[in-house]
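Enquirer: The lines below spell out each chain.
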Amino acid sequence: EPEVTQTPSHQVTQMGQEVILRCVPISNHLYFYWYRQILGQKVEFLVSFYNNEISEKSEIFDDQFSVERPDGSNFTLKIRSTKLEDSAMYFCASTRDRNTEAFFGQGTRLTVV
Amino acid sequence: QKEVEQNSGPLSVPEGAIASLNCTYSDRVSQSFFWYRQYSGKSPELIMSIYSNGDKEDGRFTAQLNKASQYVSLLIRDSQPSDSATYLCAVRTRTDDKIIFGKGTRLHILP
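As you go down the protein sequences, you meet chains A and B in turn.
Heads up: the first sequence is residues 1 to 113, going by our numbering.
Heads up: the second sequence is residues 1 to 111, going by our numbering.
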């Protein structure tokens, strides 16, 4: 069964460093998303991506964040200068079309020290 | 701001009984509704999607949608200890390109 895959599963980084989180969405899906979940809190929307551009972003997704689809399979989230409060689980998700259900990757646990 | 509200629980249900999970949403133009299950430290796992008013059954799970009341629920029949998890209600509106999640309801099935 097709699935969304994310790497790495756990990333530890020093405050101020750049990190890139990687995702391979399901191959025939057209819409891609990043969400984050701070420990004990709700799953929060960060950004959606369609047709090689951002279609929607939340207030959390400020200038420190960027997304890219560098080739036909990968979808990345970059955090330019990490802060302690960026520590969270980051989930990538994809949908076949705009209204259908999202399938999530297993997540990347980001720890900023 | 568009909201999805759930009782955080924990909801404790005896094994074999029916667990009933509820969710309300604020945006009337919401059109797609989802229930996800999340085990601690894991990613959300889709259980069911529902798009029109009424009931939708899949195995032990039944989703119920009432758009007039802005209410969606999930029933789990014959609850098993493995059903113990946090259940996330999620909603997509007609105008937004995102799925909004509630905070989740923690369900504990008592053996």
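FYI, nobody ran anything at the bench for these hints, they're computed from the structure.
Heads up, a few of these hints could be off.
With a straight-line cut-off of 30 Å between C-alpha atoms, the simulated DSSO-like cross-links for lysine-lysine are [to be verified]:
| id | chain 1 | residue 1 | chain 2 | residue 2 |
| --- | --- | --- | --- | --- |
| 1 | B | K42 | A | K78 |
| 2 | B | K42 | A | K42 |
| 3 | A | K57 | A | K42 |
| 4 | B | K42 | B | K56 |
| 5 | B | K2 | B | K67 |
| 6 | B | K56 | B | K2 |
| 7 | A | K42 | A | K83 |
| 8 | A | K57 | B | K2 |
| 9 | A | K78 | A | K57 |
| 10 | A | K78 | B | K2 |
| 11 | B | K103 | A | K78 |
| 12 | B | K67 | A | K83 |
| 13 | B | K2 | A | K42 |
| 14 | B | K56 | A | K78 |
| 15 | B | K103 | A | K83 |
| 16 | A | K57 | B | K67 |
| 17 | B | K103 | A | K57 |
| 18 | A | K83 | B | K56 |
| 19 | B | K2 | B | K103 |
| 20 | A | K83 | A | K57 |
| 21 | B | K103 | B | K56 |
| 22 | A | K42 | B | K56 |
| 23 | A | K42 | B | K67 |
| 24 | A | K78 | A | K42 |
| 25 | B | K67 | A | K78 |
| 26 | B | K56 | B | K67 |
| 27 | B | K103 | B | K67 |
| 28 | B | K103 | B | K42 |
| 29 | B | K42 | B | K2 |
From a predicted model like this one, the values you see are computed outputs, not experimental measurements.
Enquirer: Against this structure, judge whether each hint is valid.
Expert: We went through each hint and held it up to the structure:
1. A distance of roughly 22 Å separates the Cα atoms of B/K42 and A/K78; the hinted pair therefore holds under the 30 Å criterion.
2. This hinted pair checks out: B/K42 and A/K42 have alpha carbons roughly 13 Å apart, not beyond 30 Å.
3. Distance restraint check for A/K57 and A/K42: the Cα-Cα separation of roughly 17 Å lies within the 30 Å cut-off, and the hinted pair is therefore satisfied.
4. In summary, the hint linking B/K42 to B/K56 is supported, as the alpha carbons are separated by about 26 Å, within the 30 Å threshold.
5. For the hint linking B/K2 to B/K67, the alpha-carbon distance of about 15 Å falls within 30 Å, and the restraint holds.
6. The hinted pair formed by B/K56 and B/K2 meets the criterion: a straight-line CA distance of about 25 Å does not exceed 30 Å.
7. A threshold of 30 Å between alpha carbons decides the hint, and for A/K42 with A/K83 the separation of about 19 Å falls inside it, so the pair holds.
8. For the given pair, A/K57 sits about 14 Å from B/K2 by alpha-carbon distance, which is consistent with the 30 Å threshold.
9. Simply put, A/K78 and A/K57 have alpha-carbon atoms about 14 Å apart, close enough for the 30 Å limit, and the pair holds.
10. This hinted pair checks out: A/K78 and B/K2 have alpha carbons roughly 27 Å apart, not beyond 30 Å.
11. The straight-line distance between the Cα atoms of B/K103 and A/K78 is roughly 26 Å, inside the 30 Å bound, and the hint therefore holds.
12. At roughly 41 Å between alpha-carbon atoms, B/K67 and A/K83 are farther apart than 30 Å, so this suggested pair is violated.
13. Restraint check for B/K2 and A/K42: satisfied, since their Cα atoms lie roughly 14 Å apart, inside the 30 Å limit.
14. Of the supplied pair hints, the one linking B/K56 and A/K78 is violated, its CA atoms being roughly 39 Å apart against a limit of 30 Å.
15. At most 30 Å may separate the alpha-carbon atoms for a hinted pair to count; B/K103 and A/K83 meet this at roughly 24 Å.
16. Of the supplied pair hints, the one linking A/K57 and B/K67 holds, its CA atoms being roughly 26 Å apart against a limit of 30 Å.
17. Of the supplied pair hints, the one linking B/K103 and A/K57 holds, its CA atoms being roughly 20 Å apart against a limit of 30 Å.
18. At most 30 Å may separate the alpha-carbon atoms for a hinted pair to count; A/K83 and B/K56 exceed this at roughly 44 Å.
19. For the suggested pair B/K2 and B/K103, the alpha carbons sit about 13 Å apart, so the restraint of at most 30 Å is met.
20. Pair hint A/K83 plus A/K57 holds up; C-alpha atoms about 19 Å apart against a cutoff of 30 Å.
21. For the proposed pair B/K103 and B/K56, the alpha carbon gap of about 23 Å is at most 30 Å, so the pair holds.
22. Between A/K42 and B/K56 the CA atoms are separated by roughly 26 Å; this keeps the pair inside 30 Å, and the hint holds.
23. Simply put, A/K42 and B/K67 have alpha-carbon atoms about 24 Å apart, close enough for the 30 Å limit, and the pair holds.
24. Between A/K78 and A/K42 the CA atoms are separated by roughly 21 Å; this keeps the pair inside 30 Å, and the hint holds.
25. Distance check on the hinted pair: B/K67 and A/K78 sit about 38 Å apart at the alpha-carbon level, beyond 30 Å; violated.
26. For the given pair, B/K56 sits about 14 Å from B/K67 by alpha-carbon distance, which is consistent with the 30 Å threshold.
27. For a cut-off of 30 Å, the pair hint linking B/K103 to B/K67 stands: about 20 Å separates their Cα positions.
28. Pair hint B/K103 plus B/K42 holds up; C-alpha atoms about 15 Å apart against a cutoff of 30 Å.
29. Distance check on the hinted pair: B/K42 and B/K2 sit about 26 Å apart at the alpha-carbon level, within 30 Å; holds.
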